[in-house]
Amino acid sequence: MNSMIYDWKKYTTLLVEDDEISYKYMELVLKRRTGIKVIWAKTGQEAIDYCTNNDEIDIVLMDLQLPDVDGYQATTTIKSFRPYLPIVIQTANSWNDEKEKCFEAGCDGYVTKPINLNLLFTQMETFLRQYTSIKKKKITT
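When we follow the working numbering, the leftmost residue of the sequence shown carries the number 2, and every step to the right adds one.
Think of the hints as simulated: they come from the structure by calculation, not from any bench.
Ideal placement from N, C-alpha and C gives every residue a C-beta, glycine not left out.
Treat the hints loosely; a few may be bogus.
Said to hold, decoys possible - As a list, the in silico BS3-like pairs of lysine-lysine whose alpha-carbon atoms are at most 25 Å apart:
| hint | residue 1 | residue 2 |
| --- | --- | --- |
| 1 | K100 | K80 |
| 2 | K11 | K38 |
| 3 | K102 | K38 |
Claimed, not checked - Computed beta-carbon distance windows for the label pairs:
| hint | residue 1 | residue 2 | range |
| --- | --- | --- | --- |
| 4 | K114 | K137 | 29 to 35 Å |
| 5 | K139 | D98 | 31 to 37 Å |
| 6 | L118 | T13 | 17 to 23 Å |
| 7 | E105 | L29 | 18 to 24 Å |
| 8 | K114 | K138 | 30 to 36 Å |
Take these sequences, add in the hints, and give me the full structure.
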């Protein structure tokens, strides 16, 4: 178990997950271990809508199998208007071609379920730092 402490109280994540139990588990873990604010989207279209209307989202955790717009299409659409917003795919499928397809859709990171929390948090830390740096540059230019 990684003993690293994350202080992400100033950040907001959009957790895109259609399964309520999976969502509640991830919300609990994220809030307890990092303090990050969590917004829940149950569908790909909700994720697109949240990212369109909510500039406070700093990172997206995206499931692939969703009831309407799948995670690939939601990722591609979100990246079309928020290209620097980090998106980490979370999936139960670990096929190599699926991972490649995720990166082709525009995702920044990829973790398989059951989720290795240390891997997820390490990726999130990297992407949150990069995104914060990009946001600061945009504000000053």
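Could you work out which of the previously given hints the structure breaks and list their numbers from low to high?
3, 7
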